[in-house]
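Participant: Residues per chain are reported as follows:
Number of protein chains: 4
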Amino acid sequence: MSTTTDMLRTYPKDLGGVDTAALAACIEACFECAQVCSACADSCLSEDMVAELTKCIRTNLDCADICAATGAVLSRHTGYDVNVTRAVLEACRAACKACADECEKHADMHEHCKVCAEACRRCEQACTDLLATL
Amino acid sequence: MSTTTDMLRTYPKDLGGVDTAALAACIEACFECAQVCSACADSCLSEDMVAELTKCIRTNLDCADICAATGAVLSRHTGYDVNVTRAVLEACRAACKACADECEKHADMHEHCKVCAEACRRCEQACTDLLATL
Amino acid sequence: MSTTTDMLRTYPKDLGGVDTAALAACIEACFECAQVCSACADSCLSEDMVAELTKCIRTNLDCADICAATGAVLSRHTGYDVNVTRAVLEACRAACKACADECEKHADMHEHCKVCAEACRRCEQACTDLLATL
Amino acid sequence: MSTTTDMLRTYPKDLGGVDTAALAACIEACFECAQVCSACADSCLSEDMVAELTKCIRTNLDCADICAATGAVLSRHTGYDVNVTRAVLEACRAACKACADECEKHADMHEHCKVCAEACRRCEQACTDLLATL
Chain H
1 MSTTTDMLRT
11 YPKDLGGVDT
21 AALAACIEAC
31 FECAQVCSAC
41 ADSCLSEDMV
51 AELTKCIRTN
61 LDCADICAAT
71 GAVLSRHTGY
81 DVNVTRAVLE
91 ACRAACKACA
101 DECEKHADMH
111 EHCKVCAEAC
121 RRCEQACTDL
131 LATL
Chain X
1 MSTTTDMLRT
11 YPKDLGGVDT
21 AALAACIEAC
31 FECAQVCSAC
41 ADSCLSEDMV
51 AELTKCIRTN
61 LDCADICAAT
71 GAVLSRHTGY
81 DVNVTRAVLE
91 ACRAACKACA
101 DECEKHADMH
111 EHCKVCAEAC
121 RRCEQACTDL
131 LATL
Chain E
1 MSTTTDMLRT
11 YPKDLGGVDT
21 AALAACIEAC
31 FECAQVCSAC
41 ADSCLSEDMV
51 AELTKCIRTN
61 LDCADICAAT
71 GAVLSRHTGY
81 DVNVTRAVLE
91 ACRAACKACA
101 DECEKHADMH
111 EHCKVCAEAC
121 RRCEQACTDL
131 LATL
Chain G
1 MSTTTDMLRT
11 YPKDLGGVDT
21 AALAACIEAC
31 FECAQVCSAC
41 ADSCLSEDMV
51 AELTKCIRTN
61 LDCADICAAT
71 GAVLSRHTGY
81 DVNVTRAVLE
91 ACRAACKACA
101 DECEKHADMH
111 EHCKVCAEAC
121 RRCEQACTDL
131 LATL
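Chains as they are written, first to last, in the numbering used here: chain H, 1 to 134; chain X, 1 to 134; chain E, 1 to 134; chain G, 1 to 134.
All clues given are correct.
List of simulated lysine-lysine pairs, DSS-like, C-alpha gap at most 30 Å:
hint	chain 1	residue 1	chain 2	residue 2
1	E	Lys-105	G	Lys-13
2	H	Lys-55	E	Lys-55
3	G	Lys-55	X	Lys-105
4	H	Lys-13	G	Lys-114
5	E	Lys-13	X	Lys-105
6	E	Lys-55	H	Lys-105
7	G	Lys-13	X	Lys-13
8	X	Lys-114	G	Lys-55
9	H	Lys-13	G	Lys-105
10	E	Lys-105	X	Lys-13
11	X	Lys-55	G	Lys-55
12	X	Lys-13	H	Lys-55
13	X	Lys-105	X	Lys-55
Beyond 10 Å from chain G on every Cβ pair, some chain E residues (computed):
hint	residue
14	Gly-16
15	Val-18
16	Asp-19
17	Ala-21
18	Ala-22
19	Asp-48
20	Met-109
21	Glu-118
Derived from the structure by calculation, the hints contain no laboratory data. What you are looking at is a predicted structure, and each value in this text was computed from that prediction instead of being measured. In this text, a Cβ means the ideal position worked out from N, Cα and C, and glycines have one as well.
Turn these sequences into a full structure, and let the hints guide you.
Facilitator: Dropping the structure here:
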């Protein structure tokens, strides 16, 4: 998604000293994680052992919703409010950590959980990195 | 939305000692606030003085996205994770506070901001109340 | 959600001859249905017979996402585009019909599916009614 | 987002003869367009001539919401319903066309609208291509 960087570059006002590399990385990680978690919830739903994956599905759905909201918030720069940004990043980090922890338990058996756990860890790290710059 | 209560009542497993009244109130406040904030952003956009309302619009959009995600997370009970719930409630409370603070500045001049500020304060309080029970 | 009506009443420009009663009813039905479908997906996930409810869960999740998007689109009036409104209402009607059809199959056995099917039918009808006024 | 392809490849059941290349392209276009439209709405909001961009902002917001919902629906394969898929793709195509048409009007003056119009055209085409395979 190089368009993320294009949109940051073409923002008409000053971005206020934000670390644009960390911001772009976090936005892209959030949208990627939202997609992957939606897909992983659905893959778990199609496993024969779905009854053992219900916590994984729920965690996937939470993570998808929170990543999507976080990606949207981070895509806005007008009237920036550091308290809201920090709080939503903390929520996103918590959701990604919970989902990665859960998916890692099934990563050996279900490759979609392995792909998902990796996307969640990348997003968790991107949130941590961006929080460190605020 | 009495259907919120119906859905809590018909959940097939134990809700784990959650305060269902506080939970239902918070879910309803989140969905109400998401709708009102989407509408308030659009009303601000149609004001002749839109150039003075850009921070309000942005805060409305963030609040709408975060309330919608929070309402969805709170509607799930399977595989409950208190860390994710707490973090998303903190983010929702911060977004509602920021939006209420901003809308209250224009409440005398724009009645939609008055209605919106009230919905945000209700949701902020509902998040605070639910957090106190976790 | 009488706040829906308050927000329509306080919109600063002309609403362009829209049927505000049909519009308010449809907005409220969309947000109600989004909440109920998120909750029903989660209730199905906690049923012992979850393996027989996977299509129901998937349909619930689609309906929740589409209703939430439709409710947000309908909450905006600035720069109204009838083609987008009509297309999203058609999608919402299709999703609500599919979810109601599916949930009705399990309504006798699972009361959450009964509550959900009713919310979906209300929203399907509200979309049909609003489409008839466009 | 090669993870989109990874998630399709690791789906545990048969994908039912879907054109996976067209599906992956459409999912990626939806998530890209959702991000770009959220960012373009915010960039328009920060333009000095925001009062002349209100229709553009509204169209951006609709397109972001509909693309996000469509991307989530397309990420699910369990219990596939062609009527819902077709209807949401039609809505997404309409929203992308409306947003591209609007952003193209300002593409010479605002580079973010140029980037956004291109993302919307890609997503409109991806929806058209996927619809042709259903």
